[in-house]
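**Student:** Single-letter residue listing:
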Amino acid sequence: MNYTDEFRDPVAAKGVLAAIENVVTELGATKEKPVHIMEVCGGHTHAIFRYGLDKLTPPGLEFIHGPGCPVCVLPMSRVDECVEIAEDPKVIFTTFGDAMRVPGTKKSLIQAKADGADIRMVYSPLDALELARRNPDREVVFFGLGFETTTPSTALTILQADADELTNFSIFCNHITVPPPIKALLDDPHMILDGFVGPGHVSMVIGTEPYEFIARDYGKPIVVAGFEPLDLLQSVLMVLEQIRDGRAEVENQYSRIVPNEGNPVSIAACEKVYQPRPTFEWRGLGEIDASGLRIRDRYRAYDAEVKFDIGYGRNNVFTAEQEGCACGDVMTGRIKPRACPQFGTGCTPEMPLGALMVSSEGACAAYYQYGGLDLEPAE
Amino acid sequence: MNQPTTQPRRVVADKVTMAHGGGGKAMRDLIEDVFTSVFCPPGMEDQARLMDPAIVVPGAKLAFTTDSFVVSPMEFPGGDIGKIAVCGTVNDLAVGGAKPLWLSAAFIIEEGVEISTLRRIAASMQSAADIAGVKIVTGDTKVVGKGSGDGVFITTSGVGVIDPSRDMLAENVQPGDVAIVNGVLGDHGAAILAARGDMALKTEIPSDCQSLNHLIEALLTAVPETRVARDATRGGLASALNEIADAAGVGIEIGEDVLPLRTEVKGVCEILGLDPLYLANEGTLVVFVPEDQADAAISAMKSVEAGLGAVVIGKATTKHPKTVVMRTLFGGLRIVDMLVGEQLPRIC
Amino acid sequence: MCLGIPGKITEISDPTRKLAMVDISGVQREVNIACIVGDEPLEALIGTWSLIHVGFAMSKIDEKEAALTLDVLRQLGEAQEEIEAMRASEEMLRATS
Chain S
1 MNYTDEFRDP
11 VAAKGVLAAI
21 ENVVTELGAT
31 KEKPVHIMEV
41 CGGHTHAIFR
51 YGLDKLTPPG
61 LEFIHGPGCP
71 VCVLPMSRVD
81 ECVEIAEDPK
91 VIFTTFGDAM
101 RVPGTKKSLI
111 QAKADGADIR
121 MVYSPLDALE
131 LARRNPDREV
141 VFFGLGFETT
151 TPSTALTILQ
161 ADADELTNFS
171 IFCNHITVPP
181 PIKALLDDPH
191 MILDGFVGPG
201 HVSMVIGTEP
211 YEFIARDYGK
221 PIVVAGFEPL
231 DLLQSVLMVL
241 EQIRDGRAEV
251 ENQYSRIVPN
261 EGNPVSIAAC
271 EKVYQPRPTF
281 EWRGLGEIDA
291 SGLRIRDRYR
301 AYDAEVKFDI
311 GYGRNNVFTA
321 EQEGCACGDV
331 MTGRIKPRAC
341 PQFGTGCTPE
351 MPLGALMVSS
361 EGACAAYYQY
371 GGLDLEPAE
Chain G
380 MNQPTTQPRR
390 VVADKVTMAH
400 GGGGKAMRDL
410 IEDVFTSVFC
420 PPGMEDQARL
430 MDPAIVVPGA
440 KLAFTTDSFV
450 VSPMEFPGGD
460 IGKIAVCGTV
470 NDLAVGGAKP
480 LWLSAAFIIE
490 EGVEISTLRR
500 IAASMQSAAD
510 IAGVKIVTGD
520 TKVVGKGSGD
530 GVFITTSGVG
540 VIDPSRDMLA
550 ENVQPGDVAI
560 VNGVLGDHGA
570 AILAARGDMA
580 LKTEIPSDCQ
590 SLNHLIEALL
600 TAVPETRVAR
610 DATRGGLASA
620 LNEIADAAGV
630 GIEIGEDVLP
640 LRTEVKGVCE
650 ILGLDPLYLA
660 NEGTLVVFVP
670 EDQADAAISA
680 MKSVEAGLGA
690 VVIGKATTKH
700 PKTVVMRTLF
710 GGLRIVDMLV
720 GEQLPRIC
Chain H
728 MCLGIPGKIT
738 EISDPTRKLA
748 MVDISGVQRE
758 VNIACIVGDE
768 PLEALIGTWS
778 LIHVGFAMSK
788 IDEKEAALTL
798 DVLRQLGEAQ
808 EEIEAMRASE
818 EMLRATS
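Chains as they are written, first to last, in this note's numbering: chain S, 1 to 379; chain G, 380 to 727; chain H, 728 to 824.
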């Protein structure tokens with residue numbers, strides 16, 4: 001077993017798809033009146049389109065693409081701050097690849113790199129730490145973005161830096177958490193969601209308990225899902241069965257990787273290193289309470305916001321959305337990407353207006369790249 | 380350039396300096412010792428004067444192409460910048476149906492590059508030229524100050540002859556034509572990513588860098604009706620297919636289940652969130668042949684080493700014209716678009 | 728924040744810093760194993776599979792659970808094949824009657 005290929009088996013997929021078809025029919029859902037299931041996580045959005053799952057599932061099932069794409073919800077002012085830090089000649093600015101193309105108000109990181117800033121793509125914060133060790137005369141900053149899947153790795157890196165007593169390494173912390181925006185969506189009076197496919201890798205860190213409020217307080221089912229196509233299909237089936245049976249529970253489809261109690265080492269490291277911010281700005285969603293993390297004072301030596309006097313806590317600069325940008329509406333499921341007036345015209349992957357077109361998990365980029373069109377098979 | 384003296388000229392330094400670009404003795408020694416003694420160009424005038432009987436065949440056309448090579452790192456598993464510079468230009472000629480004949484090689488060398496590196500690159504180029512059956516007949520050398528270059532940049536231009544019977548064009552592709560690749564996809568892109576070291580991935584994936592002219596020759600001999608050949612270099616197979624679809628005004632459908640991929644390349648792509656369809660290749664091409672010639676095409680390709688992995692991957696269709704579509708492992712269809720910008724590793 | 732891939736631990740490269748070499752489809756990478764270390768000695772992790780994300784082994788893969796999940800999926804697949812086979816034979820009978 002390599003735990004990947006087995007969960008891509010097309011034969012098993014047929015079975016799950018047939019079962020999904022049955023339940024959708026039982027529910028009486030049609031293209032005009034579909035069941036709405038939100039996949040929260042950008043990685044799930046990407047997988048749905050990459051495998052064409054939206055076209056294989058019946059028209060009575062509609063996927064609503066949620067805000068679980070940390071690159072997409074990054075406000076432009078954060079990008080501007082990254083560029084500002086990176087343009088300091090002493091700084092080596094390190095970041096994950098997908099953040100490089102997000103436009104700021106003046107430029108993206110990739111443009112700043114072209115203009116001469118030392119910006120380097122890394123696969124892991126540990127690689128940034130290694131850069132700091134190898135370049136003692138430079139200040140290495142790592143752009144810490146992402147949901148709870150990634151918060152432990154940044155935290156553990158800070159703890160390692162602390163143990164090594166490094167003085168030239170810091171994190172520009174923009175980590176965010178999943179439950180608050182889900183709550184914000186559920187509180188929206190226009191919300192039309194019937195159930196959720198929950199983020200699998202966030203859950204391997206935080207467990208399944210943080211989603212209880214969705215079932216208990218809002219009566220919606222949520223199934224924590226893996227990322228292979230069979231995982232997604234099975235999770236969708238489980239959500240549909242809950243809706244059919246009138247249940248609202250938290251279920252764990254990804255049990256081979258998600259322990260219900262989460263990962264104790266990760267949770268402890270995060271507790272040690274971070275504290276929640278009272279509010280945090282989300283692009284397209286505004287400010288959401290207790291949804292962002294900042295580094296505790298104990299580790300201020302590794303906090304770029306302190307070192308560079310920058311960041312959400314310091315200068316609350318809110319950048320207004322670009323004229324015509326409807327990222328917020330798409331992200332909350334109010335409209336589909338193609339309904340945005342800019343889609344494919346004023347906003348394309350080459351010249352993106354908003355982040356949903358830049359990041360490959362963004363719903364718009366996925367639609368644009370993989371095609372929400374009806375494709376006919378070759379003769 | 381002067382006539383070579385009876386004593387072969389030797390470079391004394393072990394690193395390239397600005398003097399080697401100055402046009403004086405140091406430069407002359409560098410050129411002779413490192414390049415011309417290896418490439419053995421015919422005559423030593425400023426220009427190469429060349430003849431081949433194929434040129435004067437009535438109806439024959441000259442094929443002429445140029446390409447610059449700036450790959451970093453310069454040396455990597457499976458090849459180096461010199462090998463790509465030769466094979467890349469040979470392949471550009473060959474996919475047009477030309478018999479590649481002569482190459483020029485212009486070098487822009489950054490101050491500080493080791494002479495031993497240049498020797499390895501030159502040897503590699505000559506070896507690649509020998510395998511392809513072409514000659515490097517002229518060239519140029521410039522040296523730029525430290526920081527103004529990045530190791531060695533090479534520009535190769537190539538001349539070939541297209542026999543009057545040959546007419547390979549993307550526009551020729553018709554619905555029903557079958558798409559065939561000669562081997563696994565993405566090796567070069569993955570090899571370079573791994574060799575760069577930014578991602579700290581340990582793997583021995585070798586670049587697929589090789590010349591494809593003998594392969595194309597074998598194919599065209601067996602299947603003269605071959606519509607088009609395209610090497611899948613930057614932008615990968617996806618870009619090559621999109622160019623063909625656009626030029627021919629056809630749709631193209633490929634099957635994910637038949638795409639040949641090395642396991643390690645799949646691994647690199649999974650780890651970094653990359654799509655192998657967009658990874659560069661330097662020895663992999665896609666050809667379109669009429670449906671009834673598909674078997675003959677595969678046999679012909681497999682008779683040559685560069686074609687041992689030949690396999691049908693899809694076909695041209697009347698559906699979704701100018702769009703490339705892939706049937707996923709699941710039977711779902713998704714678009715395979717042109718690459719936008721650079722493919723960046725994902726975290727999500 | 729999702730891109731994780733299963734990988735197999737092949738050796739412990741630095742016990743103090745809790746680093747191990749992991750193999751993913753023939754590609755090796757050094758990863759931090761702090762999240763998956765329990766009471767057992769580090770060597771016990773060699774040969775086990777974990778979910779790898781940005782240079783960290785984040786969670787051990789539970790083989791039993793994986794097998795259970797696959798079982799359910801396969802049954803759905805087999806059930807579907809049976810249904811299709813039944814349908815095909817029914818149609819054949821109807822066609823010949």
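Bear in mind the hints are in silico, worked out from the structure with no lab data behind them.
Each hint should be verified, as a subset may be incorrect.
[Claimed, not checked] Dumping the calculated DSSO-like pairs for lysine-lysine here, alpha-carbon to alpha-carbon at most 30 Å:
(1) Lys31/S to Lys701/G
(2) Lys698/G to Lys14/S
(3) Lys521/G to Lys336/S
(4) Lys106/S to Lys336/S
(5) Lys113/S to Lys698/G
(6) Lys701/G to Lys113/S
(7) Lys33/S to Lys735/H
(8) Lys735/H to Lys645/G
(9) Lys14/S to Lys791/H
(10) Lys404/G to Lys113/S
(11) Lys521/G to Lys107/S
(12) Lys336/S to Lys394/G
(13) Lys394/G to Lys14/S
(14) Lys645/G to Lys90/S
(15) Lys735/H to Lys581/G
(16) Lys31/S to Lys645/G
(17) Lys791/H to Lys681/G
(18) Lys394/G to Lys521/G
(19) Lys581/G to Lys404/G
**Student:** Now tell me if each hint is right for this structure.
**Tutor:** Tested hints:
1. The hinted pair formed by Lys31/S and Lys701/G meets the criterion: a straight-line CA distance of about 29 Å does not exceed 30 Å.
2. For the given pair, Lys698/G sits about 25 Å from Lys14/S by alpha-carbon distance, which is consistent with the 30 Å threshold.
3. With a C-alpha separation of about 55 Å, the suggested pair Lys521/G and Lys336/S falls outside the 30 Å cut-off, and the hint is violated.
4. For a cut-off of 30 Å, the pair hint linking Lys106/S to Lys336/S stands: about 28 Å separates their Cα positions.
5. For the given pair, Lys113/S sits about 42 Å from Lys698/G by alpha-carbon distance, which is inconsistent with the 30 Å threshold.
6. Between the alpha carbons of Lys701/G and Lys113/S the distance comes to roughly 34 Å, so the proposed pair goes past 30 Å and is violated.
7. Taken as a hint, the Lys33/S and Lys735/H pair is broken in the structure, with Cα atoms around 45 Å apart against an allowance of 30 Å.
8. For the hint pairing Lys735/H with Lys645/G, the CA-to-CA distance comes to about 16 Å; that is within 30 Å, so the pair holds.
9. Between the alpha carbons of Lys14/S and Lys791/H the distance comes to roughly 24 Å, so the proposed pair stays at or under 30 Å and holds.
10. Straight-line distance between C-alpha atoms of Lys404/G and Lys113/S comes to about 40 Å, which puts the hinted pair past the 30 Å bound.
11. A C-alpha spacing of about 35 Å is found between Lys521/G and Lys107/S, which places the hinted pair above 30 Å, so the restraint is violated.
12. About 60 Å separates the Cα atoms of Lys336/S and Lys394/G, which puts this hinted pair outside 30 Å; it is violated.
13. For the suggested pair Lys394/G and Lys14/S, the alpha carbons sit about 63 Å apart, so the restraint of at most 30 Å is broken.
14. Under the criterion of a C-alpha separation no larger than 30 Å, the hint pairing Lys645/G with Lys90/S is inconsistent with the structure, at around 38 Å.
15. The hinted pair formed by Lys735/H and Lys581/G meets the criterion: a straight-line CA distance of about 14 Å does not exceed 30 Å.
16. Restraint check: the Cα-Cα separation between Lys31/S and Lys645/G comes to about 37 Å, which exceeds 30 Å; the hinted pair is violated.
17. About 44 Å separates the Cα atoms of Lys791/H and Lys681/G, which puts this hinted pair outside 30 Å; it is violated.
18. The hinted pair formed by Lys394/G and Lys521/G meets the criterion: a straight-line CA distance of about 14 Å does not exceed 30 Å.
19. Using a Cα cut-off of 30 Å, the hinted pair Lys581/G and Lys404/G is violated, with the two alpha carbons roughly 44 Å apart.
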